[in-house]
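6 protein chains.
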Amino acid sequence: MSDIWLSTLKTTTPQEGYELAIKLSRMAVKLTQPSAEIRQKLREDYANNADSLTAVSSVVAIHFQTVAAANDHWKDRP
Amino acid sequence: MSDIWLSTLKTTTPQEGYELAIKLSRMAVKLTQPSAEIRQKLREDYANNADSLTAVSSVVAIHFQTVAAANDHWKDRP
Amino acid sequence: MSDIWLSTLKTTTPQEGYELAIKLSRMAVKLTQPSAEIRQKLREDYANNADSLTAVSSVVAIHFQTVAAANDHWKDRP
Amino acid sequence: MSDIWLSTLKTTTPQEGYELAIKLSRMAVKLTQPSAEIRQKLREDYANNADSLTAVSSVVAIHFQTVAAANDHWKDRP
Amino acid sequence: MSDIWLSTLKTTTPQEGYELAIKLSRMAVKLTQPSAEIRQKLREDYANNADSLTAVSSVVAIHFQTVAAANDHWKDRP
Amino acid sequence: MSDIWLSTLKTTTPQEGYELAIKLSRMAVKLTQPSAEIRQKLREDYANNADSLTAVSSVVAIHFQTVAAANDHWKDRP
Numbered sequence: 000m001s002d003i004w005l006s007t008l009k010t011t012t013p014q015e016g017y018e019l020a021i022k023l024s025r026m027a028v029k030l031t032q033p034s035a036e037i038r039q040k041l042r043e044d045y046a047n048n049a050d051s052l053t054a055v056s057s058v059v060a061i062h063f064q065t066v067a068a069a070n071d072h073w074k075d076r077p
Numbered sequence: 000m001s002d003i004w005l006s007t008l009k010t011t012t013p014q015e016g017y018e019l020a021i022k023l024s025r026m027a028v029k030l031t032q033p034s035a036e037i038r039q040k041l042r043e044d045y046a047n048n049a050d051s052l053t054a055v056s057s058v059v060a061i062h063f064q065t066v067a068a069a070n071d072h073w074k075d076r077p
Numbered sequence: 000m001s002d003i004w005l006s007t008l009k010t011t012t013p014q015e016g017y018e019l020a021i022k023l024s025r026m027a028v029k030l031t032q033p034s035a036e037i038r039q040k041l042r043e044d045y046a047n048n049a050d051s052l053t054a055v056s057s058v059v060a061i062h063f064q065t066v067a068a069a070n071d072h073w074k075d076r077p
Numbered sequence: 000m001s002d003i004w005l006s007t008l009k010t011t012t013p014q015e016g017y018e019l020a021i022k023l024s025r026m027a028v029k030l031t032q033p034s035a036e037i038r039q040k041l042r043e044d045y046a047n048n049a050d051s052l053t054a055v056s057s058v059v060a061i062h063f064q065t066v067a068a069a070n071d072h073w074k075d076r077p
Numbered sequence: 000m001s002d003i004w005l006s007t008l009k010t011t012t013p014q015e016g017y018e019l020a021i022k023l024s025r026m027a028v029k030l031t032q033p034s035a036e037i038r039q040k041l042r043e044d045y046a047n048n049a050d051s052l053t054a055v056s057s058v059v060a061i062h063f064q065t066v067a068a069a070n071d072h073w074k075d076r077p
Numbered sequence: 000m001s002d003i004w005l006s007t008l009k010t011t012t013p014q015e016g017y018e019l020a021i022k023l024s025r026m027a028v029k030l031t032q033p034s035a036e037i038r039q040k041l042r043e044d045y046a047n048n049a050d051s052l053t054a055v056s057s058v059v060a061i062h063f064q065t066v067a068a069a070n071d072h073w074k075d076r077p
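Chains as they are written, first to last, in numbering that gives the first Met the number 0: chain P, 0 to 77; chain B, 0 to 77; chain C, 0 to 77; chain X, 0 to 77; chain Y, 0 to 77; chain S, 0 to 77.
Some clues are possibly wrong.
The list makes no distinction among identical chains, and a pair is therefore deemed to hold if it is satisfied within one copy or across any two copies.
Pairs of lysine-lysine residues, derived as DSSO-like cross-links and limited to a Cα-Cα distance of at most 30 angstroms, are as follows [unchecked claim]:
| id | residue 1 | residue 2 |
| --- | --- | --- |
| 1 | 40 | 9 |
| 2 | 40 | 74 |
| 3 | 29 | 40 |
| 4 | 74 | 29 |
| 5 | 74 | 22 |
| 6 | 22 | 40 |
| 7 | 9 | 74 |
No lab work stands behind these hints: they were computed from the structure.
So that you can see chain P by itself, here it is in the shape it has in the complex (with noise of 0.2 angstroms):
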């Protein structure tokens, strides 16, 4: 993948982060499975259980941690 999809891990708001960590934790599963419709049908699993739908949560908490600290928890925002 020659793409460039991350060139940094600033963002404006927390929320940009929270989605940030959302892209982050997609990146992984697409980088192991490239293929769209495979993944798609996947998606009817995991977006249909709630264990499954907890793990996923999980990862985005770590990433939302780093993208996090990477924006000083948006400390000084007003």
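Given the coordinates of chain P, assemble chains B, C, X, Y and S onto it according to the supplied hints.
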């Protein structure tokens, strides 16, 4: 989702920080499974399963770590 | 839940910090499954299953990390 | 439990820190399942299951991170 | 394994850091299961299972946290 | 176990740090299941299961985070 739901990680008390951590843990689920109806059904599953609840608690714990760091662990509170 | 149950992360000793970590890990369960009766039933499940207990211990470990950081790891204790 | 079992996170060596991490991981199990007899039975389960042992090791890893931080990663050791 | 495969955690961009995190997550698998043939077979399993992919993504997230810290979260980038 | 197996978290290179993280992840298993014979049998299980290998990799990732911090992420290396 264009709503602003996360404008700061700052909270007045640790307890409010904990509540924010819960919100953060649920939001990834909401963004992955947008249907409120399906989420309500899934809630029946995980709210009645010990391991599912522990997994939910684990995600909250990760987010609480982030929120606590963003608030300097509320160190200046008397 | 309008009760105040978490006003500070400060504890006098590491052991009290550990007890707070246990409280923090249980509170997410309580807030997700408010019925004390159901929680009591679920307790039978996880208290008698090795993997469930390990999972519980994992959540405590994450919270203990947060509480320890909030107390500077109790470094100033004699 | 009124015993004092954790008065400091300081240890002389990393290895003692690792042993403390194991103690910390077991204590949450003990406090959740106080019966030594049941814990002994459960031990048969997880000590003979690869995934259970990996999960135990995961909890130890989180606690070791905390203990290492409490000891400044034993940086001044010769 | 006497090859040098990890000489630095420094990367020029966050994206290269993410790629390093993926490498780090795979290397533990490689060192635990040295047979490329078996790993290839297992790949069929996890690349087609939603929860397996989420678990893989979780490991990447932990390593990305480490790599990001090693690069001061690439804060000096313009 | 009276052997000294961990006297420092310092390593010369990140790769040696990664190898130490693997050692740390295995040691908790060893201390929980002291029988080398049983561990060897269990190895057959997890070394041939994708999810088990991912879980092992997850523990390594947590320990690598600790070892990297102990070495200031090997920042002064050229």
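Structure-based check of each hint:
no. : hint     : in the structure
1   : 40 to 9  : neither (32 angstroms within a copy, 37 angstroms between copies)
2   : 40 to 74 : neither (40 angstroms within a copy, 38 angstroms between copies)
3   : 29 to 40 : both (13 angstroms within a copy, 19 angstroms between copies)
4   : 74 to 29 : between (32 angstroms within a copy, 26 angstroms between copies)
5   : 74 to 22 : both (23 angstroms within a copy, 19 angstroms between copies)
6   : 22 to 40 : both (19 angstroms within a copy, 26 angstroms between copies)
7   : 9 to 74  : both (13 angstroms within a copy, 8 angstroms between copies)
In this structure, the hints that do not hold are numbers 1, 2, in rising order.
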